[in-house]
Amino acid sequence: MRIDVLCSGSKGNACLVRHGDSQILIDCGSTQRYLKQAMNKVQASFDDCNGVLITHTHKDHVSRIKDVKHLPIYSYCDLEDVDHHTIVEPLSTFDLGCFHVQVIRLSHDSPKTVGYVIETDQEKLVYITDTGYIPNGEKALLCNADYYVFESNHDIARLMQTNRPMFIKQRILSDSGHLNNEDSSMNLSQIINSKTKEVVLAHLSEQANVPELALDVFQETFRKQGLPYANLTVRAAKQFEALTISGK
Numbered sequence: 021m022r023i024d025v026l027c028s029g030s031k032g033n034a035c036l037v038r039h040g041d042s043q044i045l046i047d048c049g050s051t052q053r054y055l056k057q058a059m060n061k062v063q064a065s066f067d068d069c070n071g072v073l074i075t076h077t078h079k080d081h082v083s084r085i086k087d088v089k090h091l092p093i094y095s096y097c098d099l100e101d102v103d104h105h106t107i108v109e110p111l112s113t114f115d116l117g118c119f120h121v122q123v124i125r126l127s128h129d130s131p132k133t134v135g136y137v138i139e140t141d142q143e144k145l146v147y148i149t150d151t152g153y154i155p156n157g158e159k160a161l162l163c164n165a166d167y168y169v170f171e172s173n174h175d176i177a178r179l180m181q182t183n184r185p186m187f188i189k190q191r192i193l194s195d196s197g198h199l200n201n202e203d204s205s206m207n208l209s210q211i212i213n214s215k216t217k218e219v220v221l222a223h224l225s226e227q228a229n230v231p232e233l234a235l236d237v238f239q240e241t242f243r244k245q246g247l248p249y250a251n252l253t254v255r256a257a258k259q260f261e262a263l264t265i266s267g268k
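Residue numbers (our numbering): 21 to 268.
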């Protein structure tokens, strides 16, 4: 499985997953120019995708939906500018190319937000962004993956120091907002195991977080939990810089 996090953050989100002849695009946020450049950089084309998985309808995840509406589109949420798409319910599963996909219910202030677990016959990816918490009833579905693309949106102290209105800060901190660094790392400590090869911390706030801080919190949480960290690759995705994970 090869995973290319094409962009990640409040200005755009998109991730390409490939294995053999199969290819899935998760979300299609950002600008038309950037997404085309990013796809070219990783030697891929929208037209080669077996389908597009949408997590929710916020603009930073669907701004270029018009560019991919000719492809099979799968979502739990209602979509504008799309004549037809397949509705996928939380906990449902379906096959797309060589991938087996399971839909994960999340908690965000956009109706019907979901994440995805994507598997081949050899590897497993968990893709979780834009959620205020991880439902306990679904954590078992996230365990023992080879790869995680997982939200680590903000540092609470830095968020409170921003000039954002208080109601926006409260929204971000709420159960329908975004995972902070501590909650992200604690959730990850409960679901990864020795099989896990790489974690990508995603959707970092440009105003309320920095990659170094998110990575330090992750490492400190694992140290306190007495969990192995040295053999695990952990990176933080940036807003406009493609990050590639190459597996089997």
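Hints are not guaranteed to be accurate.
What the hints assert, rightly or not - Here are the simulated BS3-like cross-link-like pairs (lysine-lysine), alpha carbons at most 30 Å apart as the crow flies:
| hint | residue 1 | residue 2 |
| --- | --- | --- |
| 1 | LYS89 | LYS79 |
| 2 | LYS244 | LYS258 |
| 3 | LYS217 | LYS61 |
| 4 | LYS31 | LYS61 |
| 5 | LYS244 | LYS132 |
| 6 | LYS89 | LYS215 |
| 7 | LYS244 | LYS159 |
| 8 | LYS86 | LYS56 |
| 9 | LYS189 | LYS31 |
| 10 | LYS132 | LYS189 |
| 11 | LYS217 | LYS31 |
| 12 | LYS159 | LYS217 |
| 13 | LYS244 | LYS31 |
| 14 | LYS132 | LYS79 |
| 15 | LYS132 | LYS89 |
| 16 | LYS79 | LYS258 |
| 17 | LYS56 | LYS258 |
| 18 | LYS31 | LYS79 |
| 19 | LYS86 | LYS132 |
| 20 | LYS86 | LYS61 |
| 21 | LYS132 | LYS159 |
| 22 | LYS56 | LYS31 |
| 23 | LYS159 | LYS86 |
| 24 | LYS56 | LYS79 |
| 25 | LYS217 | LYS189 |
| 26 | LYS217 | LYS244 |
| 27 | LYS258 | LYS86 |
| 28 | LYS189 | LYS215 |
| 29 | LYS189 | LYS258 |
| 30 | LYS244 | LYS189 |
Rather than coming from a laboratory, the hints here were simulated on the basis of the structure.
Verification of the supplied hints:
1. The hinted pair formed by LYS89 and LYS79 meets the criterion: a straight-line CA distance of about 15 Å does not exceed 30 Å.
2. Annotation: proposed proximity of LYS244 to LYS258 holds, straight-line Cα distance about 27 Å (limit 30 Å).
3. Under the criterion of a C-alpha separation no larger than 30 Å, the hint pairing LYS217 with LYS61 is consistent with the structure, at around 24 Å.
4. The straight-line distance between the Cα atoms of LYS31 and LYS61 is roughly 19 Å, inside the 30 Å bound, and the hint therefore holds.
5. For the hint pairing LYS244 with LYS132, the CA-to-CA distance comes to about 35 Å; that exceeds 30 Å, so the pair is violated.
6. Straight-line distance between C-alpha atoms of LYS89 and LYS215 comes to about 36 Å, which puts the hinted pair past the 30 Å bound.
7. Restraint check: the Cα-Cα separation between LYS244 and LYS159 comes to about 21 Å, which is no more than 30 Å; the hinted pair holds.
8. The straight-line distance between the Cα atoms of LYS86 and LYS56 is roughly 13 Å, inside the 30 Å bound, and the hint therefore holds.
9. Of the pairs offered as hints, the one joining LYS189 and LYS31 holds, with about 18 Å between alpha carbons and a cut-off of 30 Å not exceeded.
10. A hinted pair counts as satisfied when its Cα atoms are at most 30 Å apart, and LYS132 with LYS189 qualifies at roughly 22 Å.
11. For the suggested pair LYS217 and LYS31, the alpha carbons sit about 28 Å apart, so the restraint of at most 30 Å is met.
12. Only pairs whose Cα atoms come within 30 Å are accepted, and LYS159 paired with LYS217 is accepted, the gap being roughly 19 Å.
13. Between LYS244 and LYS31 the alpha-carbon distance is near 34 Å, which puts this suggested pair outside the 30 Å criterion.
14. Taken as a hint, the LYS132 and LYS79 pair is honoured in the structure, with Cα atoms around 15 Å apart against an allowance of 30 Å.
15. Proximity of LYS132 to LYS89 is assessed by CA-CA distance (about 20 Å); at most 30 Å being required, the pair is judged to hold.
16. Among the hinted pairs, LYS79 with LYS258 is consistent with the structure: their alpha-carbon atoms are about 18 Å apart, no more than 30 Å.
17. Using a Cα cut-off of 30 Å, the hinted pair LYS56 and LYS258 holds, with the two alpha carbons roughly 17 Å apart.
18. For the hint linking LYS31 to LYS79, the alpha-carbon distance of about 8 Å falls within 30 Å, and the restraint holds.
19. Distance restraint check for LYS86 and LYS132: the Cα-Cα separation of roughly 20 Å lies within the 30 Å cut-off, and the hinted pair is therefore satisfied.
20. Between the alpha carbons of LYS86 and LYS61 the distance comes to roughly 21 Å, so the proposed pair stays at or under 30 Å and holds.
21. In summary, the hint linking LYS132 to LYS159 is supported, as the alpha carbons are separated by about 18 Å, within the 30 Å threshold.
22. About 16 Å separates the Cα atoms of LYS56 and LYS31, which keeps this hinted pair within 30 Å; it holds.
23. In summary, the hint linking LYS159 to LYS86 is not supported, as the alpha carbons are separated by about 33 Å, beyond the 30 Å threshold.
24. For a cut-off of 30 Å, the pair hint linking LYS56 to LYS79 stands: about 17 Å separates their Cα positions.
25. For the hint pairing LYS217 with LYS189, the CA-to-CA distance comes to about 34 Å; that exceeds 30 Å, so the pair is violated.
26. Restraint check for LYS217 and LYS244: satisfied, since their Cα atoms lie roughly 20 Å apart, inside the 30 Å limit.
27. Distance restraint check for LYS258 and LYS86: the Cα-Cα separation of roughly 24 Å lies within the 30 Å cut-off, and the hinted pair is therefore satisfied.
28. Among the hinted pairs, LYS189 with LYS215 is inconsistent with the structure: their alpha-carbon atoms are about 36 Å apart, more than 30 Å.
29. Note on LYS189 and LYS258: the hinted pairing holds, with a Cα-Cα distance of about 22 Å set against a maximum of 30 Å.
30. The straight-line distance between the Cα atoms of LYS244 and LYS189 is roughly 28 Å, inside the 30 Å bound, and the hint therefore holds.
In this structure, the hints that do not hold are numbers 5, 6, 13, 23, 25, 28, in rising order.
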